[in-house]
Amino acid sequence: MATTTMTMAKALNEGLRRALEKDKKVLLMGEDIGKLGGVFRITDGLQKDFGEDRVIDAPLAESAIVGTAVGLAIRGYRTVCEMQFDGFVYPAFDQIVSQVAKLRKRSDGAYTMGLVIRLPFQGGIGAIEHHSESPEAYFAQTGGLRVVSCSTPNDAYWMIQQAIEHDDPIIFCEPKSRYWEKGEVDLDQAPHGLFETVVRREGSDVTVIGYGSTLKTILRAADTAATEGVSIEVIDARSISPLDLDPMVRSVEKTGRFVTVHEAPHMASIGSEIVAELTQRCFYSLRAPGIRVSGYHVPYPPTRIEEDYRPTVDRVLDAVDRVMGFEN
Amino acid sequence: MATTTMTMAKALNEGLRRALEKDKKVLLMGEDIGKLGGVFRITDGLQKDFGEDRVIDAPLAESAIVGTAVGLAIRGYRTVCEMQFDGFVYPAFDQIVSQVAKLRKRSDGAYTMGLVIRLPFQGGIGAIEHHSESPEAYFAQTGGLRVVSCSTPNDAYWMIQQAIEHDDPIIFCEPKSRYWEKGEVDLDQAPHGLFETVVRREGSDVTVIGYGSTLKTILRAADTAATEGVSIEVIDARSISPLDLDPMVRSVEKTGRFVTVHEAPHMASIGSEIVAELTQRCFYSLRAPGIRVSGYHVPYPPTRIEEDYRPTVDRVLDAVDRVMGFEN
Amino acid sequence: MIDEELVQLLSPEGERVEHPEYQSTLSGDEIFGLYRDMAIIRRLCNESTSLQRQGQLALWAPIQGQEAAQIGAGRAMAPTDFSFPTYREHGIAWCRGIPPENMLRLFRAVSNGGWDPQKYRHSVPTIVLGNQALHAVGYAMGIQRDGAEEAAITFFGDGASSQGDTLEAFVWAASFNAPIVFFCQNNQWGISTPSSLQSKVPLYRRAEGFGFPGVRVDGNDVLAVYEVTKRALESARVGGGPTLIEAYTYRMGAHTTSDDPTRYRIDAEVEVWKHRDPVERVKALLAREYEIKSSAFDEVGAEADVMALKLREDVLAMSRPDPITMFDNAYATEHPLVEEGRREMIELGISAGSH
Amino acid sequence: MIDEELVQLLSPEGERVEHPEYQSTLSGDEIFGLYRDMAIIRRLCNESTSLQRQGQLALWAPIQGQEAAQIGAGRAMAPTDFSFPTYREHGIAWCRGIPPENMLRLFRAVSNGGWDPQKYRHSVPTIVLGNQALHAVGYAMGIQRDGAEEAAITFFGDGASSQGDTLEAFVWAASFNAPIVFFCQNNQWGISTPSSLQSKVPLYRRAEGFGFPGVRVDGNDVLAVYEVTKRALESARVGGGPTLIEAYTYRMGAHTTSDDPTRYRIDAEVEVWKHRDPVERVKALLAREYEIKSSAFDEVGAEADVMALKLREDVLAMSRPDPITMFDNAYATEHPLVEEGRREMIELGISAGSH
Ligand SMILES: Cc1ncc(C[n+]2csc(CCOP(=O)(O)OP(=O)(O)O)c2C)c(N)n1
Ligand SMILES: Cc1ncc(C[n+]2csc(CCOP(=O)(O)OP(=O)(O)O)c2C)c(N)n1
Ligand SMILES: [Mg+2]
Ligand SMILES: [Mg+2]
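Chains as they are written, first to last, in numbering that gives the first Met the number 0: chain A, 0 to 327; chain B, 0 to 327; chain C, 0 to 354; chain D, 0 to 354.
There could be a bad hint or two in this list.
Here are the in silico distance ranges between beta carbons for each label pair [stated by the list, open to error]: (1) A:ASP48 x D:GLU207: 39 to 45 Å; (2) C:ARG342 x A:ASP166: 19 to 25 Å; (3) D:GLU338 x A:ASP166: 42 to 48 Å; (4) D:ASP259 x A:SER284: 51 to 57 Å; (5) C:ASP297 x D:GLU207: 48 to 54 Å.
Hints are computed from structural coordinates only; laboratory data are not their basis. Every residue, glycine too, gets a C-beta built ideally from N, C-alpha and C.
All chains should be modelled from the sequences, with the hints used to inform the complete structure.
Next comes the structure, spelled out in structure tokens:
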């Protein structure tokens, strides 16, 4: 097993490089992704090595980035679109929900929407407004799309390649606050399928489910809880839409209690969805209702106070306490 | 009590007329809303009576309709934007979530986003694609917005006026398949607050919660169920975001069982949200998990088969049966 | 109407018009072919309207008045070119060889598309105004990357010219010098919205400010439309970049069968345009210059009748799809929520015959 | 750079340039005022950059090189006009009377806005490229409805000129003949994207195709920017409709303090533009034509130092907001989810001092 240590940013860069090498039809497109290598340097060096025709610096218009990627898909290309930040995906929303999500259906399968929309999402980097959004639920609500998120460099490396190879359009959510964190990457073999939920830490008292940036928070909370005698099972959803529910069900059937964690507000969210599904599937195993830890139902705040908007270790532990001590 | 019978379309027209009369700052803007009176004739005759400056025919661009309404709001106007169909709101999505929802916050309260976005939503009229969408969850997920829906002419008449008077931006969802159905309208007094959930029919066995077009379906299901000895309590959520949960909680505490119904797919939906909230609030009263009846997780189908996509009386009754006979 | 800016090769009376830049290159046979196309597509349109009136279609979007614009453009395309239509390009679909009944599947509400877009190199109908312009530019960028001598062409209306997507497509086409033709049918109306609300100056001029040429052509003159489109496509194929063509024409009928144009436009306007009928114009030319006999025109009429009869039969035979098909092709690969829906539908006993 | 199309009244060397259409109307005192504004705003920008380097700001978006464009435009506005900026319009904000420390609240990440936009008639910063152009057009439509002799002006960059919203704003402004000025600072770059990728032809020409005039002005010449903007605003106020002004200038610094321009542009380019410095240019004019002494310039420098010192103090005093304020002004009226959040935060014992 050839493993090597790298940051998530580097892992994505290497994953993209490998995809570009493997398949000539793979293109990258986005704002500033060429010479600059993207504002997060995810595409660093790729234009130099694969040329301007394959790593395309886009004029500044997100609807056009996605809309032209659709046309390229019709021509047989697979374009990885980079949205510079989560908050700038909205100008492309129409193309995503009206075209990307629906064209395979509309064409009775003649079109393959082989495209990936990379979305540096969630907060935690002290940026200004529109740079810390969590739009995953919008896309999860939409039939025709798939949404995934990585939380480790190894997943980043493999999931981006799996997403590019996949024939459905995929919203690829990258927790930007984790770009610079290092981890082991196995260059030989993918650890999991693209749409698989993974148990990151076993536990017996409460199941805590998250994805993206929140995983680290949850793992920390699990450490703390362990010192207090509470055993948390930590689950990384990885696939946001569709959800891979079976591993979650198995866990909750064991623990009888669960908490979901994401940065998006809780209204009509992935947390709501997980609670609804697990309640239905584990009704008699549940010793308390599932609780959601999330961002608040207000615009993302100025980032000097973002750590009180994003789920913290404290808030996760508080929710764990609440499900542990639940009485109606 | 001066009541009169009219269609929902007429009730909206009258409500808009009254709002235009009451406040000179109220404007209407949309595609074909002038001479044509809108494709659904909701604004019929209003341009003739209030002039082209107040009932504004827009060039064909939804982002511009909403974006200019923002500017008009800054200038002190209250614009009611008509989206011709639900599926055409997406080009305006960016303006709605990045500006309409966030400008009051960004301006520390200096801006009042007094604008209403009218959305003829849900299917059931045999239209072609993009004319039958249910995008309410996208807006409900978004902090800074409010979302409401009418299901009767009386509500239509009053809610549109209440929405225009309200200082928060409101997505106003109109069940287009009900535009031509008649009902009593009380011209003197609003029946309820804009954000109030209403029990439409009392019952004791199962609570069924819907909004917009699904209300009629649910009421029919309740009729059928009654003949089979099952008593359904029918709840019209009316306010989709925020949800007015207390009446739902009271009902579920009584019945112990509930079903949610909407046309949007169930993933990360209003149904998910209601299930998550009611499970938490009524955990010990629940005799079965809440079940969601919804559209499917695929693009809206060609409308010759839409009635098998939209929740039918049969599907509602099937769900009622399932919660009644629930065993894990 | 006849202004300096307008490329016209045939007057409304069917007389040849000289133009400094464009000459008709078509033989009598070829012109007769265009006439045939236009006559058939008009018949197709009439048949569809009556099918709708008889409750056999959910909707129809007529093209009366726009036949020259569509047939001229459609016949100017090479088989290897790829077109991106709206919901109204029946004439283009005809030129691409799409069976008429396929065009009606959308309007009978049994499909959201209707034909295999890859096979005919004609994309599925796009209803959201402007979206397809970007697809066309992207496709054209693909052509460039393949080093192919092909072009993309996209159709849109005067109304759609106001949408951000259309305008972004202009930016991109110019930036990448993409092999694309923007074909705008300015039929004067976007439902009830007059084209003067979309632009205060002739629409074709918008191109220049984006850095590529715009041409206004008499959209009711099939000879002119053919030549202008042909040259633009040829230029695109050999690296000449984008062109915007504004086909100045008129929507003689309603926006769709759901529309009531008497609410927003006056009869006199329609009358004026009747005299510019695109089919009559070329018929007059053929009769005079090529001495085509009325029997030849009658033969086309008979051919159109046969087509219409078959169309009617095909449409009536188009039955309600099995509801379970709504789950097909939503995704390329298995999806749990799709499977769940499929299972539920089967359990509920829903099938094609259940409504 | 000096091309036919460019309105210039002052050469890079600070010498008067004749222009057939525009003459400077400013007195020596007024020009000195503009110099003062530019010098102070440059100082403000330098101070902010160093505050950022010292960890006191999360980010800063410098305007070095663009002082003439912003001060010329800002001073051309009437108090009753209303402006819609991006994130980079510190010079405009200065002209609108916004206290410098308020401009920095966004960059210290203690606010998403920073000032009362109604009070200063200067909207909050807009970060999503192009969005504000539509707000400005809507505001201008409000002016029309009020029958007021006022104008709206919106600022955007060469990069943002490619966004659908900006282009739709052009359509609407023309359709409604709205009293608006589109002020595009073409500073040659949108982060690493050269303006040549956004347009193959000079940007100001885009306006004509939409039916209103475009002007390219030397954005480093404060006299020319002032006159061109003044005339466009005056025209808008009296029903003359929109104008697009392209201020041809250069972003001397990085896009923001997070950016590294050495990755995408060469030093030689920056060197060329150094010779066109907007502040030095007007200083040369003042020294030669109005015999302003160096002591007068020194006084401005001293004044700028005082401003900078106060700015620094104010910024350092700007403490972390109480987290509970995130719930304020999200809605105009009570909202259960907001109340729930507020309650949760209080229960968790979170307060301003807790991090
Ligand atoms: C984004 C969007 N908004 C609104 C509509 C509704 N709509 C359908 S056709 C139409 C008018 C289009 O006019 P034009 O572009 O001139 O094309 P034409 O119908 O005249 O061929 C409108 C407003 C739509 N399809 N898409
Ligand atoms: C819709 C959107 N996409 C992307 C961005 C990220 N972004 C911020 S500034 C910028 C470059 C803008 O260039 P330009 O319009 O020329 O303005 P300048 O920064 O040069 O003043 C980009 C791409 C954004 N803010 N909004
Ligand atoms: Mg039209
Ligand atoms: Mg720039």
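Hints and how they fare:
Remark: the range hint 39 to 45 Å for ASP48 (chain A) to GLU207 (chain D) is upheld by a beta-carbon distance near 42 Å. Between ARG342 (chain C) and ASP166 (chain A) the beta carbons are some 23 Å apart, a value that agrees with the proposed interval 19 to 25 Å. In this structure, GLU338 (chain D) and ASP166 (chain A) meet the distance hint of 42 to 48 Å, their C-beta atoms being roughly 46 Å apart. Distance hint check for ASP259 (chain D) and SER284 (chain A): the Cβ-Cβ separation is about 54 Å, which falls inside the suggested range of 51 to 57 Å.
At roughly 50 Å, the beta carbons of ASP297 (chain C) and GLU207 (chain D) sit within the given window of 48 to 54 Å.
The structure agrees with every numbered hint stated previously.
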